[in-house]
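If you're matching them up, the sequences are chains V and A in order.
Using my numbering, the first residue of the first sequence is number 1, and each one after it goes up by one.
Using my numbering, the first residue of the second sequence is number 1, and each one after it goes up by one.
Note that these hints are calculated values from the structure, not bench results.
Please note that a few of the clues may not be correct.
Computed cross-link-like contacts, SDA-like style, restricted to lysine to any residue with a CA-CA straight-line distance of at most 20 Å [unchecked claim]:
#, chain 1, residue 1, chain 2, residue 2
1, A, 38, V, 3
2, A, 16, A, 112
3, V, 96, A, 53
4, A, 3, V, 3
5, A, 38, A, 86
Here are the chains, one letter per residue:
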Amino acid sequence: DGGITQSPKYLFRKEGQNVTLSCEQNLNHDAMYWYRQDPGQGLRLIYYSQIVNDFQKGDIAEGYSVSREKKESFPLTVTSAQKNPTAFYLCASKLKGGTEAFFGQGTRLTVV
Amino acid sequence: AQKVTQAQTEISVVEKEDVTLDCVYETRDTTYYLFWYKQPPSGELVFLIRRNSFDEQNEISGRYSWNFQKSTSSFNFTITASQVVDSAVYFCALSESPYSGNTPLVFGKGTRLSVIA
Numbered sequence: 001d002g003g004i005t006q007s008p009k010y011l012f013r014k015e016g017q018n019v020t021l022s023c024e025q026n027l028n029h030d031a032m033y034w035y036r037q038d039p040g041q042g043l044r045l046i047y048y049s050q051i052v053n054d055f056q057k058g059d060i061a062e063g064y065s066v067s068r069e070k071k072e073s074f075p076l077t078v079t080s081a082q083k084n085p086t087a088f089y090l091c092a093s094k095l096k097g098g099t100e101a102f103f104g105q106g107t108r109l110t111v112v
Numbered sequence: 001a002q003k004v005t006q007a008q009t010e011i012s013v014v015e016k017e018d019v020t021l022d023c024v025y026e027t028r029d030t031t032y033y034l035f036w037y038k039q040p041p042s043g044e045l046v047f048l049i050r051r052n053s054f055d056e057q058n059e060i061s062g063r064y065s066w067n068f069q070k071s072t073s074s075f076n077f078t079i080t081a082s083q084v085v086d087s088a089v090y091f092c093a094l095s096e097s098p099y100s101g102n103t104p105l106v107f108g109k110g111t112r113l114s115v116i117a
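So here's chain V without its partners, still in its complex pose (with noise of 0.2 Å):
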């Protein structure tokens, strides 16, 4: 079945660690978002990409690193520099403009 496969579902963090959020889609979307939920702040968007090799920061990007390597495939590190990550991360994709975006189920990452 074609759609957005995110993993973990649940990861946890000790503080000054780095960990990677995986996001693979099999929907031949060109572009990928990684967005951040906080209890009612809605979503926050982290980091996008519109093609490989190519990656765009958004409102919350501080703290956080991705990569675009295949077009399949948009992980996203939080690193340590981020002061609270402790959050509910999803990913989505999008064929072209105007168009919906599909999510992943989520990975909530708690720091422990």
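Fit chain A to the supplied structure of chain V, relying on the hints for placement.
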């Protein structure tokens, strides 16, 4: 800059009541797209509807209906005869013209709907 406002943070209704979720948007584009998504407790966002800025015709899909009014920059969502399964967080979103490329959707903060049996 684009902005989406969902003024209702939480709404509680009794089953079978009708409920309207409000969405107001801001954009300088003349061509844009509006969306509604549902987020059930599982967390994944489920696409409900897309509407482009040139189509102000209201749409009905079963118990769901959408009212798009450019004059007031609103795109409201009504659930008729609500059911417990409608309990979720609902997001309104805005996207720029497709000619601007694959720019991201801008989301409102969401409205949490609780339908009580």
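Honestly, which of those hints from before does the structure not fit? 4
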